[in-house]
Amino acid sequence: MENEFLYMSAVVAVGWAVTYAMRALPFVLFSGRGGKSLPPAVERFGNLISPVIIACLVVYSYSGLQWRTAWPYLAGAITVGLHLWKGNPLASIVAGTALYMCLVSCGCQTAPDEVTYDKAHPLLRFSSRGLQFRGEFVSARKAVDLLEKNRVPKDSVIYILVDPDYDYVHDRTMWKFQHYYLGSAGYRRTMLVHERRAEAAAAPERHAGRAAGTVEPPPPAQDVRRRGPEGAGRGR
Amino acid sequence: MSRRFSQVAPRERRAVLRRAFMDSLPVLMGYTTMGFVAGVLLAAKAGLHHAPVWAFLTSAACVSGTFNFAIVQPVAERVSIWSVALLVLGINFRYAFYGFTMLARWRGVPLFRKLFLIHTLADENYALEAACRYKSPDANLLYCLALSAMNISYWILGTTAGAVSVAVLEGALDPDVIRRHTDGMEFAMVALFLVIFTDQIRELLRHGK
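Chains as they are written, first to last, in our numbering: chain A, 1 to 236; chain B, 1 to 209.
If you're looking for bench data, these hints aren't it; they were derived computationally from the structure. Remember, it's a predicted structure, so these values are computed and weren't measured experimentally. The C-beta atom is built at its ideal place from N, Cα and C for all residues, glycine as well. Just to be clear, a hint being listed does not mean it is correct.
[What the hints assert, rightly or not] On the chain A side, residues computed to face chain B include the following (Cβ under 7 Å):
| id | residue |
| --- | --- |
| 1 | Glu4 |
| 2 | Val11 |
| 3 | Thr19 |
| 4 | Phe30 |
| 5 | Thr79 |
| 6 | Leu90 |
| 7 | Ser105 |
| 8 | Arg141 |
Okay, chain B solo, but in the shape it has when bound (with noise of 0.2 Å):
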C-alpha cells in the first residue's frame, strides 16, 4: 500500500477490498468459462503451434473478451494485420465511451495507476466501477484497483488454461477428436454478441422513451 492509501483508515481499507473481492465473484463465474471457452477455441482452431502461449498474451496484452473470441476466425485464416486491425477497432470501438463515465472519477488519479485503470476498463470492471460510489475517491481508487486487478487475472487464467488443456489433451487424443468434441463451440462467440447486441438495443429503447 502506497502513501495514498494510507490515507483510507485501515479498517475501511479492508471493507473496501473486501467489496472489491464479493463484487468480482460473478465476474470469476463469467470470466473463467469464458476465458476457458475462448481459450480451447484459440488452441482448437486458429492452428497456432503454441496456443497457451497466444492465449496468454492475447489475453493479458488486450484485456477484451469479444477480442479474443473475434480473433479466432481471422488467425486461423491468416488474414492481413490491417484486417485485424479494422477488426479490432469495430469491436472495440465501443470502449471510447466507457472512459467518458470514468473521466471525472478518475481525475487525479496518480498516470501509472491510470494508465493501468484504463488497460482494465473491460465491459464487466466498467459496470461494477461506474456503480460503485464510495465517498472518498481513495477508496474508490482503491476499489477500482482491486476490482480491475482481481477480474483480469481471472480472464487471463481461464484463457491460458483453456489452451493449455487442449495443449495437453491433443497429446492424448486425436486431434479430430478434439475438433470434433469442440465443434459448434465457436457459437459462444456469437452468443456473446448477440446478448450485448440485446442489452445495446434494449438501452437504446429505453432511452429513446
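Chain A on its own, in the form it takes in the complex (with noise of 0.2 Å):
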C-alpha cells in the first residue's frame, strides 16, 4: 500500500515535471526574443520529431495489446481510414475502440487450449534470464494474465520451476512476482519446484506415454551443488 503510494506519487511528480518542462520550455528559451520567429532549423527540427515519436509510441502501445491476431491490425487500420475520411478524432477513436473491444470479446480469438497444471507440468520458470510461461519469455504481469487467459482456478497450487542457476535468495524478483502479481490476482497457493524434482516427477508419465511439455532437461551434473533446498514452498 506504501509502496503505492511512493510510487504512484513519484509517477505524478515525475510526470507534472517533465509536461511541464516541455511546456514551459520555449517560453524559458526565447522570452527575451518576443514576437520574432523561431530558427528554421528547430522549426523543421520539431516538425519531423513529433511524427517519429508517436510513431515509436504506437509501436510500444501496439504490446498491450493482442498483437499476434489480426484484429488489432484491423481496428487501426479503420480508425486511421475513418480518420482520413471525416477528421472527426472523437468519432475515429471511439469507433476504433468499439470495433476492436467487439473483435476481442465476441469470441474472435484462438480457443485457449487445455493446460495441465500439475507438479510435472508446472507453467512458470524462473531462471536467471526471467520468466517464462510454457517456454516462452513474459512480464509478471502477462504471466498472470495468461493464467487468468487459460482459466487455471484461483485455489489450485501454482507451481513455479525454478532454474538451477536462478539466484533466489538475492533476486527479489521471484519473490515479488509471488507476493505482488501472483496474490493480488487471487492465486495465494504457489509451490517452487527445482528442476531435478520435476523431472523425477515427470519420469513415471513419460514411461506411460504422456509427453512432458514443459519439463527442461535434466541440468548438468555441476550444477547440482548449486541448487537450492529441496522443493520449499515459502514459509514467510
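Build the complex from these two chains, which are given one at a time in their own frames, with help from the hints.
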C-alpha cells in the first residue's frame, strides 16, 4: 500500500515535472526574443521529430494489445481510414475502440487450449534470464494474465519451476512476482519446484507415454551442488 | 475579475466568456468520454488500490490525455521511475513546440496566469487558443484563461468519474467480470496515437508541398 503511494506519487511528480518543463521550454528559451519567429532549423526539427515519437508510441502500445492476432491491425486501419475520411478524432477513436472490443470479446479469439498445471508440468519457470510461461519469456503481469486466460483456478497450487542457476536468495523478482502479482490476482498458493524434482515427478508419466511438455532437460551434473533446498514452498 | 479584466467592457467580457464556453463544448464531449475511458483503464488495469485518487492527481497534475493513457501499462508493470520519465518525455515532447506559437501572444501576461496557461497547454487548448484572435490582448487572455479552466475541469471530471465508477462496481461485481468487459478498451490509447500520427503526417505532407 505504502509502496503504491510512493510509486504513484513519484509517477505523478515526474509526469508533472517533465510535462511542465516541455511546455515551459520555449518561454524560458525565447523569452527575450519577443515576437520574433523561430530559427528555421528548430521548426523543421520540431515538425519531423514529433511524428517519429508518436510512431514509436504506436509500436510500444501495440505490445499491450493482442498483437499476434490480426484484430489490432484491422481496428487500427479502420481508425486511420475513418480519420482520413471524416477528420473527426473522437469519432475515429470511439469507432476503432468499439470495433476492437467487439473483435476481442466476441469469440474472434483463438480458444485457449487445455493446459495442465500439475507438479510435473509447471506452467511457470524462473531462471536468471527471467520468467517464462510455457517456455516463452513474459512479463510478470503477462504471466498472471495468461494464467487467468487459461482459466487456471484461483485456488489451485501454482507450481513454479526454478532453474538451478536462479539465485532466489539475492534476486527479489520471484518473491515480488509471487507476493505482488500472483497474490493480488488471487493466486495465493504457490510452490517452488526445482528442476531435478520436476524431472523425477515427470519420469513415470513419460514411461506411460505422455509428453512432458514444459519440463526442461535435467541440469548438468556440476550444477547439482548449487541447487537450493529441495522443493521448498515459501514459508513466509 | 481583477483589474486587468476590468479594462474589458462588461458587455464584451460576457461575449468572450460565452464564446469560450461554446468553443469548449466539443472538447466537453471529447474530454469527458476519453477521460472516462482513461479513468476506467487506470482503475481496471493498473492494479492500484486508490485508483480514483490517482486518476484525479495524474489528470490534474499533467493535463495531458496521452499521459493518462500511456501510463496505464507501465504502472501495471511497475516499471522504474526513470522509464516513466523517459516515456513522458517522449510523448509530451511535442508540447515544447506549442509554446512557440503562444510566445508573442502571451507577452506581458502576469506571471501566475502565464504559469497556469502553460500548465494547461494541451492539444485541444492549443488548437483553440491559437485559432482565437481578439483584437485586445486582455480579451484574448480572458478567453484563454476561461477556455483552459473549463477544458481541464472536463478532463479531470472524466478521468475521476471513470475511476470512481470502476471502484464502485468492483464492490458489487466480480473483478473478473469487470476485467472481461473492459478487455480491448486499451485500444483507445492506440487509436488516439494513430489519430495524432495521421494528423501529423498529413501536416508534414502539406508543408512539404
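Status of each hint after checking the structure:
The beta carbon of Glu4 (chain A) is positioned within 7 Å of a beta carbon in chain B (closest approach about 6 Å), and the interface hint is therefore held. With a least beta-carbon distance of about 6 Å to chain B, the hint placing Val11 (chain A) at the interface is held under the 7 Å criterion. Taking 7 Å as the C-beta contact cut-off toward chain B, the hint placing Thr19 (chain A) at the interface holds, the least distance being around 4 Å. A least Cβ separation of about 6 Å between Phe30 (chain A) and chain B falls short of the 7 Å threshold, and the interface hint therefore holds.
Interface restraint check for Thr79 (chain A): the shortest CB-CB distance to chain B comes to about 5 Å, inside 7 Å, so the restraint holds. For Leu90 (chain A), the shortest C-beta to C-beta distance to chain B is roughly 5 Å, which falls under 7 Å, so the interface hint holds. Taken as an interface hint, Ser105 (chain A) checks out: its beta carbon lies about 6 Å from the nearest beta carbon of chain B, inside 7 Å. Nearest Cβ of chain B to the Cβ of Arg141 (chain A): about 5 Å, under the 7 Å cut. The hint holds.
Checked against the numbered hints given earlier, the structure satisfies every one of them.
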